[in-house]
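Chains Y and P, in that order, give the protein sequences.
Under our numbering, the residues of the first sequence are numbered 1 to 112, in order.
Under our numbering, the residues of the second sequence are numbered 1 to 113, in order.
Check the hints yourself; a few may be wrong.
Where chain P lies over chain Y, by a calculated footprint (3+ residues, C-beta under 8 angstroms) [said to hold, decoys possible]:
| no. | segment |
| --- | --- |
| 1 | 19-26 |
| 2 | 68-80 |
| 3 | 88-97 |
Quick list of in silico lysine to any residue cross-link-like pairs, SDA-like style, CA-CA up to 25 angstroms [said to hold, decoys possible]:
| no. | chain 1 | residue 1 | chain 2 | residue 2 |
| --- | --- | --- | --- | --- |
| 4 | P | LYS100 | Y | GLN70 |
| 5 | P | LYS54 | Y | GLN95 |
| 6 | P | LYS100 | Y | PRO69 |
| 7 | P | LYS54 | Y | GLN73 |
| 8 | P | LYS52 | Y | GLN95 |
| 9 | P | LYS100 | Y | GLN73 |
| 10 | P | LYS100 | Y | VAL51 |
| 11 | P | LYS100 | Y | LEU11 |
| 12 | P | LYS100 | Y | SER50 |
| 13 | P | LYS52 | Y | VAL97 |
| 14 | P | LYS100 | Y | GLN55 |
| 15 | P | LYS100 | Y | GLN62 |
| 16 | P | LYS100 | Y | VAL12 |
| 17 | P | LYS69 | Y | GLN45 |
| 18 | P | LYS3 | Y | GLY41 |
| 19 | P | LYS69 | Y | GLN62 |
| 20 | P | LYS100 | Y | VAL111 |
| 21 | P | LYS100 | Y | THR10 |
| 22 | P | LYS3 | Y | ASP85 |
| 23 | P | LYS69 | Y | GLY43 |
| 24 | P | LYS100 | Y | GLN13 |
| 25 | P | LYS3 | Y | HIS5 |
| 26 | P | LYS100 | Y | PRO18 |
| 27 | P | LYS69 | Y | VAL51 |
| 28 | P | LYS3 | Y | VAL51 |
| 29 | P | LYS3 | Y | ARG72 |
| 30 | P | LYS3 | P | LEU80 |
| 31 | P | LYS3 | Y | ILE56 |
| 32 | P | LYS100 | Y | GLN2 |
| 33 | P | LYS112 | Y | ALA40 |
| 34 | P | LYS3 | Y | VAL97 |
| 35 | P | LYS69 | P | PRO40 |
| 36 | P | LYS112 | Y | GLN2 |
Simulated restraints, written as ranges between beta carbons of each label pair [as the list claims (entries may be wrong)]:
| no. | chain 1 | residue 1 | chain 2 | residue 2 | range |
| --- | --- | --- | --- | --- | --- |
| 37 | P | SER9 | Y | GLY54 | 29 to 37 angstroms |
| 38 | Y | GLY54 | P | ASP67 | 36 to 44 angstroms |
| 39 | Y | GLN62 | P | LYS69 | 17 to 25 angstroms |
| 40 | Y | GLN70 | P | LYS69 | 37 to 45 angstroms |
FYI, nobody ran anything at the bench for these hints, they're computed from the structure.
The structure presented is a predicted model; accordingly, all values stated were derived computationally and were not measured.
For each residue, glycine too, the CB sits at the ideal point set by N, CA and C.
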Amino acid sequence: SQTIHQWPATLVQPVGSPLSLECTVEGTSNPNLYWYRQAAGRGLQLLFYSVGIGQISSEVPQNLSASRPQDRQFILSSKKLLLSDSGFYLCAWGQGVGDEQFFGPGTRLTVL
Amino acid sequence: LAKTTQPISMDSYEGQEVNITCSHNNIATNDYITWYQQFPSQGPRFIIQGYKTKVTNEVASLFIPADRKSSTLSLPRVSLSDTAVYYCLVEGAFGTGGFKTIFGAGTRLFVKA
């Protein structure tokens, strides 16, 4: 069966510090991968998606970046965090456009 | 891009049927409509997906009129454990090799005993 992992579960970082969140998927190959952010009490905002290794599409210009160094690994990064980067970050995978997305447990990031 | 609009919150009682409607006036021909459920501090979970007319699975039904500008999620006989946020999602191919997914703001459903 397929599983999706995210770490860390929670993170508290000072403004201006770097960020690296990792997401890995098991039990499937060549999945579409997604990074979402959810601000407190708000809906989900798609940040990045990837249809293959090294292929990243950005939905919202900001100080975040994403990379996919391996087929089932998706990394969200920032060189300098802003207060507005606080939120619940969710990684998801799916087989194709319009297919069901399976979400990871999420990382709650607090930038102070 | 299609924007989705949902009621902010709804209340219901155990055993009742709940209908949550989502508006997506600018939906494109190739877009699908998907509904997700989310509990606090968890990732959303797929409920049902449709393109047009009616779709039913073991947990819900999805009604989509012919013009596809809205959709209604129907939860039969809700229980306390159905208290959650329900998201309407429009997604589909965009441009050449592109992809778009638009989550609504979500509807908070409170089920009371």
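Subject >> Unsatisfied constraints (hint numbers, rising) >> reply: 1, 2, 7, 11, 16, 19, 20, 21, 24, 25, 26, 27, 29, 30, 35, 36, 37, 39
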